[in-house]
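Chemist: These are the residues of each chain, in order.
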Amino acid sequence: MRPAGIPRDLIAMRVARELEDGMAVNLGIGLPTQVANHVPEGLTVWFQAENGILGYGGIAPDDAFDQDLINAGGQPVTLQPGACFFDSAESFAMIRGGHIDLAILGGLQVSERGDLANWMVPERGGGSIGGAMDLAEGARRLIVAMEHTARDGSPRILRECTYPLTAPACVDRIVTDLAVIDVTPEGLVLREAAAGVSPGGVQSVTEPSLQTADDFREMTF
Amino acid sequence: MTSKAFLSCNEAIADVFDGATIMFGGFITAGTPTDLVQALVERDTSNITGIANNIGIGDPLDNLCEKRQLRKMIASFAIRASGARQSRFEEQYRAGEVELELVPQGTLAERIRAGGAGIGGFYTPTGVGTVVAEGRETRIIDGREHLFELPLRADFAFIKAHRGDTSGNLVYRRAERNFNVTMATAADIVIAEVEELVETGELEPEAIVTPGIYVDRIVKGERHEARWYP
Numbered sequence: 001m002r003p004a005g006i007p008r009d010l011i012a013m014r015v016a017r018e019l020e021d022g023m024a025v026n027l028g029i030g031l032p033t034q035v036a037n038h039v040p041e042g043l044t045v046w047f048q049a050e051n052g053i054l055g056y057g058g059i060a061p062d063d064a065f066d067q068d069l070i071n072a073g074g075q076p077v078t079l080q081p082g083a084c085f086f087d088s089a090e091s092f093a094m095i096r097g098g099h100i101d102l103a104i105l106g107g108l109q110v111s112e113r114g115d116l117a118n119w120m121v122p123e124r125g126g127g128s129i130g131g132a133m134d135l136a137e138g139a140r141r142l143i144v145a146m147e148h149t150a151r152d153g154s155p156r157i158l159r160e161c162t163y164p165l166t167a168p169a170c171v172d173r174i175v176t177d178l179a180v181i182d183v184t185p186e187g188l189v190l191r192e193a194a195a196g197v198s199p200g201g202v203q204s205v206t207e208p209s210l211q212t213a214d215d216f217r218e219m220t221f
Numbered sequence: 001m002t003s004k005a006f007l008s009c010n011e012a013i014a015d016v017f018d019g020a021t022i023m024f025g026g027f028i029t030a031g032t033p034t035d036l037v038q039a040l041v042e043r044d045t046s047n048i049t050g051i052a053n054n055i056g057i058g059d060p061l062d063n064l065c066e067k068r069q070l071r072k073m074i075a076s077f078a079i080r081a082s083g084a085r086q087s088r089f090e091e092q093y094r095a096g097e098v099e100l101e102l103v104p105q106g107t108l109a110e111r112i113r114a115g116g117a118g119i120g121g122f123y124t125p126t127g128v129g130t131v132v133a134e135g136r137e138t139r140i141i142d143g144r145e146h147l148f149e150l151p152l153r154a155d156f157a158f159i160k161a162h163r164g165d166t167s168g169n170l171v172y173r174r175a176e177r178n179f180n181v182t183m184a185t186a187a188d189i190v191i192a193e194v195e196e197l198v199e200t201g202e203l204e205p206e207a208i209v210t211p212g213i214y215v216d217r218i219v220k221g222e223r224h225e226a227r228w229y230p
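Going down the list, the sequences are from chains X and Z. When the letters of the first sequence are read in order and numbered with my numbering, they come out as residues 1 to 221. When the letters of the second sequence are read in order and numbered with my numbering, they come out as residues 1 to 230.
Hints listed in this document are in silico derivations from the structure and should not be mistaken for laboratory results. Just so we're clear, the structure is a prediction, and the values are computed from it rather than from any experiment. Check each hint, because a few of them may be wrong.
[What the hints assert, rightly or not] Taking CB as the label site, the calculated pair distances span:
id: 1; chain 1: Z; residue 1: E66; chain 2: X; residue 2: P7; range: 39 to 49 Å
id: 2; chain 1: Z; residue 1: E206; chain 2: X; residue 2: R2; range: 57 to 67 Å
id: 3; chain 1: X; residue 1: D66; chain 2: Z; residue 2: F17; range: 31 to 41 Å
id: 4; chain 1: X; residue 1: P81; chain 2: Z; residue 2: R223; range: 23 to 33 Å
id: 5; chain 1: Z; residue 1: F17; chain 2: X; residue 2: P40; range: 52 to 62 Å
id: 6; chain 1: Z; residue 1: R43; chain 2: X; residue 2: P61; range: 31 to 41 Å
id: 7; chain 1: X; residue 1: R17; chain 2: Z; residue 2: E196; range: 40 to 50 Å
id: 8; chain 1: Z; residue 1: I141; chain 2: X; residue 2: L79; range: 30 to 40 Å
id: 9; chain 1: X; residue 1: P7; chain 2: Z; residue 2: R43; range: 47 to 57 Å
From the three backbone atoms N, C-alpha and C, an ideal C-beta is built for every residue, glycine too.
Here chain X stands alone, though its shape is the one from the complex (with noise of 0.2 Å):
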């Protein structure tokens, strides 16, 4: 049986420990852009918007709803001091030029060798890329954000992804509602689980073989 996983704001609180003083971050669409609203007291992070925006800070109240004002996912945002606005050739030139220092995207799939599908459902068809290509190909970091299993149970990380790829050989780390992954030219380890859960109820869920870190730990935030 599936181990109980944490919920999704935990989720995106426990990414949020992964920022650091003054970096260039930008949020992927879905579960990523709650990150926003978990920055550590005292760090000053630069969220990037590929629509435009440098230094937006959280999620912006509904009745705030400014239509000008809004990430990527067109969600509304507010702005902390030192935020600037561009058009979007130059906002890709940041994300393509080497200039984001982490990427934190949601997933659909992630292979062992750390190859990411998050842009197509192929039952679905259709699908869309926004800047995700962009992004997994140009931060200097990668972490995904998923749940661990697709609604039916299946894993999510697998030998080999299914779904059309964003790009290959582009994830860093994998954090989900059961477990922190690295992915290593090694092969994944497996550096932290959710309370009560194993590093064997971890494996269940997962396809390819997970060596456990020596300093392997229990998830905090």
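We have chain X; now place chain Z onto it with these hints.
Modeler: For chain Z alone, kept in the frame of chain X given last:
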């Protein structure tokens, strides 16, 4: 001095023809030329190839699907990977009635930039190892595989800014710039919708983001309060 100002959106787009390729600025609710798109809906122009970042539920562009005016969209975001509600565009796409060319957003912006800057294409690692790379010319640069991408241009660009003057200089509000700034450079006829139209000389030169030489026509539109569709 000749004024580029038009009195109405209908007049500003009067020569848009069936089969035209049109760039539409805007990113979801920010910087969308709502009144120009509405005028295009009312004009019944057909067989349009549209170039825009996104087309989805609540986007004025989706209204072009009501009377099936679109033949093809070139966009980065058009069909949600999840979500229960479908846009009209999505319905027509799934019925095989409209074509879609999905382009990574950065590649879309850079192709338009190249089109406007007289650059014959560029190499980028974005899309390598994905469906975007199928049939594409590749080249190894600094040990890394790159794809060759062609420039994009259009017959018309419909763009939106906050303020503009009668020479076509434009000032944007907050995140309105997005694709508007680059599209202003990449079409034969560029039509700008602004909320406030002022006389030449009234805008601060340091504040002007789009120089007037790129803009052929400028028209005052209304501010439309948009909403977000999660």
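Chemist: Now, for every hint given, state plainly whether the structure supports it.
Modeler: Each hint, compared with the structure:
A beta carbon spacing of about 41 Å between E66 (chain Z) and P7 (chain X) agrees with the range 39 to 49 Å that was offered as a hint. The hinted window of 57 to 67 Å between E206 (chain Z) and R2 (chain X) holds, with their beta carbons roughly 58 Å apart. Roughly 36 Å separates the CB atoms of D66 (chain X) and F17 (chain Z), a value that falls within the hinted 31 to 41 Å. With their beta carbons about 27 Å apart, P81 (chain X) and R223 (chain Z) fall inside the hinted range of 23 to 33 Å.
Hint check: F17 (chain Z) to P40 (chain X), Cβ distance near 56 Å, so the stated range 52 to 62 Å holds. Distance hint for R43 (chain Z) and P61 (chain X): a CB-CB separation of about 39 Å, consistent with the stated range 31 to 41 Å. For R17 (chain X) and E196 (chain Z), the hinted distance range of 40 to 50 Å is satisfied, since their beta carbons lie about 45 Å from each other. The hint said 30 to 40 Å for the Cβ distance between I141 (chain Z) and L79 (chain X), and at roughly 37 Å that hint holds.
Checked against the hint of 47 to 57 Å, the pair P7 (chain X) and R43 (chain Z) passes, with Cβ atoms roughly 50 Å apart.
The structure meets every hint from the earlier list without exception.
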